[in-house]
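K.L.:
For reference, the chains in residue letters:
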Amino acid sequence: MLLKIFKFEIKYWFNNPLFYVYFGVLFAVSTLFMGMVSGMLDGVTATQSSSAYQNSAVSLIGFINEFTVLGFFLLPSIIGGTINKDFSSNTSNMLYSYPFTKLHYLLGKYLSGLVITIIVLSAVMFGAMVGGYLPGTNPELLGEFRLLNYLQPFVLYVIPNLIFVGGIVFAVVTFSRNIASGFVAVLVLLLVQGIAQTVLGNIDSKEIGTFLDPFGAAANTYYTQYWTPTEQNENLLPFEGYVIFNRLLWGGLGLLIFFGVLKGFSFTHSPFTFNFKKKKGERIINTNFGSMIKIKLPKISFDYGFVSNFKAALRLSFIDFKYVITGWPFIIIIAIGLLFLIAVISVTGQLFGTSLQPVTWLMLNFGAGTFSLLALVPVTFLYAGLLMHRSRIEKIDQLVDITPTPNWVFLVSKLFALIKIQVIMLLMVMVAGMAIQSYNGYYSFEIDVYMMDLLGVRIWGLIAWALLAVFIQTIIPNYLAGFFVSLALGIGITYLDSIGIEQDLFKYNEGPNASYSDMVGYGRLLSRFFLYKFYWLLLGGALFVLSIAFWKRGMPTVFKNRLRDGLSSFSLLQKLVFAVFIGGFLSIGSWIYYTNNIKNEYVSSKEREQNLVEWEKHYKKYDEIDQPRIIDVNVTLDLVPESRDFKAKGVFVLKNKSNSIIDSIHLNHNNLPSKFSFDQPAKLVLEDKKFNYDIYYLTKPLNPGDSITLSVEVWNDPNTLLRSSNLVRKNGTFLNGGSIFPGIGYSSNGELSDNKIRKKYGLPEKERMKSALDSANLKNTYISSDADWVNFETIVSTSKDQIAIAPGYLQKEWTENGRRYFHYKMDRKMLNFYAFQSAKYEVFKDKWNDVNIEFYYHKGHDFNIDRMNKGVKKSLAYYSENYSPYQHKQLRIIEFPASGRIAAQAFANTIPFSETGGFLAKVDDGNESNVDYPFTVTAHEVAHQWWAHQVIGANVQGVTLLSESLSEYSCLKVLEKEYGSSQMRTFLKDALDKYLLGRATESSKEKALIYNENQQYIHYRKGSLILYALSDYIGEKKMNNAIKAFLEKNAFQEAPYTTSLDFLSYMKEATPDSLQYLINDMFETITLYDNSVKETSYKKLDNGKYEVTISALTSKYKADEKGKKVYKNAAGDSLAFKIEGKRKPMQSLPLADWIDVGVFAKKEVNGVNKEVPLYLEKHRFDAIDNEIKIVVDEKPDIVGIDPYNKLIDTNSNDNRRNPDEKTD
Amino acid sequence: MKLKISNLSKTYKNGVKAIGGVSLEISSGMFGLLGPNGAGKSSLMRTIATLQSPDQGTIHLDDDDIHENKMEFRKRLGYLPQEFGVYSKMSAEDLLQYFAVLKGVSNRSERNAIVKKALEVTNLYKVRKKHVAKYSGGMKQRFGIAQLLLNDPRLIIVDEPTAGLDPTERQRFLNVLREIGTDNIVIFSTHIVDDVKELCTDMAILNGGKILTHQTPVEAVRNLKGQIWNKIIQRDDLEVEEQKYKVISSSFNQDNTVNIRVQGPESPGVGFTQEETNLEDVYFHTLLEESTISKS
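Chains as they are written, first to last, in the working numbering: chain A, 941 to 2164; chain B, 7 to 302.
One or more of the hints may lead you astray.
As the list claims (entries may be wrong) - Listed next, the stretches of chain B that the computed footprint assigns to chain A, with coverage defined by at least 3 CB atoms under 8 angstroms from CB atoms of chain A: (1) 63-70; (2) 109-115; (3) 179-186.
No lab work stands behind these hints, which were simulated from the structure alone.
None of these values were measured; they are calculated from a predicted model.
For every residue, glycine included, the Cβ atom is placed at its ideal position computed from N, Cα and C.
Take the sequences, apply the hints, and build the full model.
P.N.:
What follows is the structure, encoded as structure tokens:
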């Protein structure tokens, strides 16, 4: 019987066109998508390039799993559908009297639904196989075809996930007899997973995370997250430990749920419902049988007018709304949604375990975006389907359809109900936000900001989705298919970019984002945001009118008839309204198109790529020619915050520092309107308006040592609705000099850097940075290629209520014509690197010795001024003592609005600091693992006054070691002095994690620290780890003395500039022979350890002391640029050790390495749980397998090898272990 | 008031010709549409109720083509389909309010009044606060009547309303229908001949999408007057008798003998007694005539 039911269902689906639609859509989309990432569309889009193969197992698991999420939404339709169709067609009553058992019936249904879904989703796998080999794909992006790469993700992840989610959906649909509940279950599951992911991402134990992720991705990531490109390309997916456990756990839970259904199910026909109050049974006796009656109906009047109809629409929308919000699915979504919001908002923005202040705009930005995407939009789609088809689903359609109420009343009522649902859900963001604020003791609720953002801004995009969904549900007779199509469309639109459709104009509901922040408010994009939303709402409105005309009433019929009926019921008024909407839509669209494409040139990312090539081919020849260098900068800048305009005049003195005669000056400028003039006769011989490259021929050439003055006037085009400059803000301007003034000579910054793409365009291969070994490369600093050290003076004006700031000392401040003027001048030369800031600032002033400390901050953002001030003072003290005196007499920290990824930037005695980069941090002093990052970032930026502003390296490989790594090291030392080693551990662990993740996503080559090519994961993360470790090995004093000597030699030097190699020679000199291997391991090569405590125990000795036995494994290996592991040294020597239970022996480079061994006790110190080291010494390790005995005074709680993670180790968790007590 | 159906045809996507060239004129009063299951009754009624468009032909109420101006027609249309569901978790009163709104009763007090009256007429007033979804079949059917009273309909279409009702329910239902049908057109389909006999002023028999006969029940009986003959035979003889005579119906007696009724102008032979003609004879006779015509 089981087989019969199974076969029957399978046959049913094979005859159902939906099956083919689902399969076809998934196959087509995944084929296209795979083709796309494999470079099929390189002809129209920017070139795809990646160092990881698209068809490696690791790439494919990501690819296939993303589609599986879409597949989850098919489960209610397929698995839910198989069981539900018996209820909904009422065959269940008859069917359940047939002679088969529950087991056969349910198992047949579940299995068949599961098998069908698996077949449907296999389309993704097949699509991925085909897509990579479509014509036009780039074979370099693909590795060798390996069937297992495709099968593994499918069998290990997709199938168990379908069993699990399918089990839940099956259970929910069986008991609720309602497919919609199945959707809600999937949605809730995704939200719960979102919560789990968010929360787990922030707990230390990744192991726990591997259990709790129902879809297994966390377990897979646990093993693969640090895989280097080589490993990603070569390895199959891990099938061990946590992965197996996770898959068995959740797949098994799916089956368990199925058997739960089996147990709870009975062949009766009332669906399971919640009942809180048990109603009293009431006996109803019928009276009034069969008698004749006189029916006299009351006289009533009818009103079919617009007003009455509109009132009816409101009334109906209330009924629909009530139906939704009193339903369990919605209540559950609300409850889970709130949890989700709270989880997401509380965790987003954390840095080193430290949260941000719960200010309103952050609550909104962190909460509303994700929530819209994950909950609001799908819920809109789902309820659009349910409401639009509600009468048909509940089979009351024939009664409703024959009423004289026009279609528009129904559709308007559905739309209103949907909008009300959206409003309710949007307000949840406010509820969650205020809950978090209250919890944190933040009671300055800005309800107006919430309301404006949620109901004034965000709602419009959601209404546009509602309009589209109503239309889709009108033309697609099946609400499940309609929901799926809406979802696919909603997701698909965001991917249009990758097939070359880049302009928002062509992508439904796309457009600029408008987000709020304290300093800027909504900023310049708000009006454009509204324009685009209006544009899309016009289209949505037009679709809505079509929906009204084509909404199906009465019996289902073929499409042709529907079209006919729709056209015949398309009234003149409707046509008129439709025409107005479409007309408005097209007019705005044409205007936007005209403005962005005809009046101004639109550059697609493809063209941008080609332009880079053209630029290099045209002008690379000028790279090496001698140009005069800027020695003096004088800027007059007028900022007009009210209209977001600026006008600047720069006077630059250029000096021929070369030995040759210079007869022409090359200006490499931007596309702002500008005027250039020289104080000596100069003829414009080349003016390239595309690349903005101008060449002036000097009538009288510039001899070595001669100077010429260049004057630049530059301003912005008037700001319009569609095109506006982002250089000046109404409040919080942060304008970099480099973004308005020209550079002198060719700049290689604009060249294509990806070698695979370069090859495609016939450009020679190039390193991202030049080599430090060639002295010809040491002419320029990495800050500027047209200047060394310059004099700087500026007059900045701004509006009356703002303060404008630039590097230098304030000479004079005055008001003129209602504007404020500030005159700044530097007292000594500085790098050609400056910016201007202007905002309504509050000011805080302090002093350290004779240095003026000033803070400029947005009103109310004074949470961390004290911490940052302390950071400034401690840093100035440490750096002056250990490196050299501070070269300036002031240090200013100036807040700027959160934008982009810049947390802070250091200019001479001037440090612009992002609001989220420290001003809004919420440091919890009670929590040891919360890094005080306002303090830390301040220390880092202050360190740049030495590491960049005193010593600046040449623009060659390894240069950022001298600025970023040394600043990281410096701030770590200041942090350690202030907070002790526990914050260090959090900081270093985070640095290690980010370094390992960074190298896993390296798109080109991982370089060793001294050769790094401005790679953030190397110069910040690895740099801080390594310099800190080295100072631990050789001693802080010795280290700092070497640094000091290096600084003394190179501070304020002119070209040729110093390099990381020079720095390394100082480190080498300071390092004793026994530790010389560190120099090579840490700086010159990529070296990793695999250290772990295999076993450990302790026993109490007779003298009251404890003897700890540690069995530790240690292994060291090098990695090449692609992450391939190397265990042999140059001589070909290597170590190996066979571990029980493992197939492969553990390998290592030959060892003579000194590694920390530590024993710790957990103790309460001043009411806080702390770990106190009982023993911490470096031991020399010569073999992989080691046994160590240590005697300590107190009972040991934790034992570790390299317990502070000073060395780079991909698994830092197994370095520590709790010892077992051993008794004899 | 007159409903005029001219040459109406409807063929479904699956090839079934549900209505094949039906022409009918229906005047005020109760009109019974009699026919076996699958005869096309529901299709015809749905087409009149504007739930589907005909492929061919027109329907006029007086001078108005109802499919040309559906909305106008729907204002005074009452329709009770053979099967219908209701919104879950809504009481009869709320649901009637809902329908009253849909039917254009926009004045609140009038709406309350008509809903109350409709509940009383259908004897649902006591259970008005209960969810309709929990009603018994008869109660739900009465609810169906209640909803069609709300817009004071001139044309009422009820599709197989008495199926599944107990005798008292059925009686009461028919009474209500009769009462509202006095001045209006009530088209009501059934396969139960007694329903028509009891209250219809006009009737048609439909099969295979075609009207087989259209006359008043009285006329119909009169036309077969004196042509019905009855004979009691043994079960085993049935086949033989059917070969010999034009048997329009047969039924068992309690002693396992069989009554056969035969139509003919004079006594078919020995053992036959003349019987009073009833509407059922007309029904069976009409269907039989049709099938023999289509066979030959």
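K.L.:
Each of the hints needs a verdict: does it hold here or not?
P.N.:
Against the structure, the hints:
1. Closer than 8 angstroms: that is the beta-carbon criterion, and the segment 63-70 of chain B has 0 residues meeting it against chain A, so the requirement of 3 is violated.
2. With 5 residues bearing a CB less than 8 angstroms from a CB of chain A, the segment 109-115 of chain B meets the requirement of three and the coverage assertion stands.
3. With 4 residues carrying a beta carbon less than 8 angstroms from a beta carbon of chain A, the segment 179-186 of chain B meets the three-residue requirement, and the given coverage holds.
Of the numbered hints given earlier, the model fails hint 1 alone.
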